[in-house]
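What follows is each chain in one-letter form.
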Amino acid sequence: MSADLIVRKAGPAITVQDLGRPGHAAEGLSRGGAMDRLALAEAAALLSLPAPVAALEMGGLGGAFEVTAPMLVALTGAEMAASRDGERLRWNAAHLLQPGQVLTIGGARRGSYGYLTLAGGLRSAEFLGSRSAHLAAGIGRPVAAGDRLPLGDDPDPSARPVALQVEDRSGGGTVRMIEGPQTGFFATKTLERFLDTRFRRAAAGNRQGIALDHDGAPFAADGASGLVSDPIIAGDIQLTGAGTPTVLMAECQTIGGYPRIGTVLPCDLPLLAQAAPGDALRFRMVTLDEADRLLAAEAAIRRDLRRRVGPLVRDPRDIGDLLGYQLISGVTCGDDLERS
Amino acid sequence: MQAIEPEILPLGPDGLLLRFATVADPQVSAAVQTLLRKSESAPLTGVTEVVPALASILCRFDANVASRAEVTAQLRALVAGEDWDVVARPAPARIWRIPVAFGGDHGPGLAEAATLAGIDAAEAVRQIEAAELSVLAIGFAPGQPYLGLLPEHWNLPRQEALTPKVGAGALVVAVRQLVLFANPSPTGWRQIGQTAFRPFRPEAVEPVPLRTGDAVRFVAVGAGEMDALLAAGDPTGGAVCETAR
Chain A
-2 MSADLIVRKA GPAITVQDLG RPGHAAEGLS RGGAMDRLAL AEAAALLSLP
48 APVAALEMGG LGGAFEVTAP MLVALTGAEM AASRDGERLR WNAAHLLQPG
98 QVLTIGGARR GSYGYLTLAG GLRSAEFLGS RSAHLAAGIG RPVAAGDRLP
148 LGDDPDPSAR PVALQVEDRS GGGTVRMIEG PQTGFFATKT LERFLDTRFR
198 RAAAGNRQGI ALDHDGAPFA ADGASGLVSD PIIAGDIQLT GAGTPTVLMA
248 ECQTIGGYPR IGTVLPCDLP LLAQAAPGDA LRFRMVTLDE ADRLLAAEAA
298 IRRDLRRRVG PLVRDPRDIG DLLGYQLISG VTCGDDLERS
Chain B
0 MQAIEPEILP LGPDGLLLRF ATVADPQVSA AVQTLLRKSE SAPLTGVTEV
50 VPALASILCR FDANVASRAE VTAQLRALVA GEDWDVVARP APARIWRIPV
100 AFGGDHGPGL AEAATLAGID AAEAVRQIEA AELSVLAIGF APGQPYLGLL
150 PEHWNLPRQE ALTPKVGAGA LVVAVRQLVL FANPSPTGWR QIGQTAFRPF
200 RPEAVEPVPL RTGDAVRFVA VGAGEMDALL AAGDPTGGAV CETAR
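Just so you know, the protein sequences line up as chains A and B, in that order. Okay, so the first sequence: first residue is -2 according to our numbering, each after it adds one. Okay, so the second sequence: first residue is 0 according to our numbering, each after it adds one.
No wet-lab data here; the hints were simulated from the structure. We put the CB at the ideal spot given by N, CA and C, even for glycine. A portion of the hints provided could be inaccurate.
[To be verified] These stretches of chain B come out as covered by chain A in the derived footprint (C-beta under 8 Å, 3 or more residues): (1) 2 to 10; (2) 13 to 26; (3) 40 to 54; (4) 184 to 191; (5) 197 to 207.
Please put together the full structure from these sequences, using the hints given.
If you want it as structure tokens, here you go:
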């Protein structure tokens, strides 16, 4: 039986995202896919799926959703206020949604991109092997109120609600970078100052790139004027004419002529994606050998995510109809001891 | 042009950039296209994606199949086999002829571009029609070709101010190159013409019709004919493609 996801309300920046479409850079199309790829892996772990499936990526604000068949749904990425028919729902957890129940997801409390993943996976149209919208390339469109998106079957709708222990990656921090082909065009002093600088995520930022602000002089690439355009990858730190950095993200262009001071490691892009405007960010340069070790460790963590899934223990504060529960037998007035 | 000294440099943890030069030059694009052809006829072990640009090629690899050192060694061997300063541009696989309306509303920057190139508008059109252009790279936006290289006197600077928007199919010029825009876009390049050719067709079986190394010739048509092509909405925009070999 096929099911649908019904979108009753939608924030302005909701798109369908999976892991994107690699292998098309020679045709000018960057991979795209989820800004926080780890969040899709976490959802797969929560839903006991063998691999990430297409989900809704919600930039800043969620919406209201219903399903036409019982379905386990995972909430991962930026923590948002979520409730099911008024009952508060834990983030980084999977909950059962029944037809007729309304899942309401509000604004992000921490972080930037939240993810709603349904156990059956979204089955909207594929293009070049991916369902990801790539708005910069004109592929797909934002999800809007009134949309009905096809879903696959939930492989196990009787599964219990579960939660995942997640290390918070919101609020900024330090991201690791490696040198790239153009790092040598920057003076050593400029690079050192770059690595000593406390940046802030700027207000400007989207799925193409995240701009950073800083106090102090711009970062000029003296040896890089008149460079011919060459290939770009996600994570590249581009210095535009004004000398302020932009970290290129999922929907970046594929080639470009602005100098790039280095490349953020893929395992640290989720932290960058989840930084909110104003959050502090720093860069730390690592060697290629260290990068390989960090990425291997990250891959091991992803493989192991399922072990960090445990039963969802309900917090009494989350229970909307608390008064309906018989909590204590033998209620007292609290001053019995004084009376006796 | 200085002697071409290829460098192999990491780009990301799973990429190696083979860089022939940091400037655009006809000999450099001959080198890029020769290496691209070689990598297509004898794929490198472990390389998952080859991305050509104007003066460099990115090879992304799967470290589970071949390590960075192993891919570097394969690239070194490939580079050692040629004298890149004299290598000839490979014959194009295909030749495209694309109708374009130059000047007027379709190319408001033609007169200025011609002046900067030291010629008049009619001569500029003649030279662009005569130019044996090649798709040097596809990028920035899906399907969008960088075409070149035009003769030296076309080494025009970009405009100081951005043009807020040119339409899809706009033909723009700067730094000895032409770009045919896939989507409406702001640009610092000067629009000299308009085509009805769509370089990215998401609805088509082959969404990106052009390939790096294809030859392109522009064929001037009148403003009325272009308006008819634009109104017809055919994504080929009247272009024809011949297989050259």
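Non-conforming hints, listed in increasing numerical order = 4
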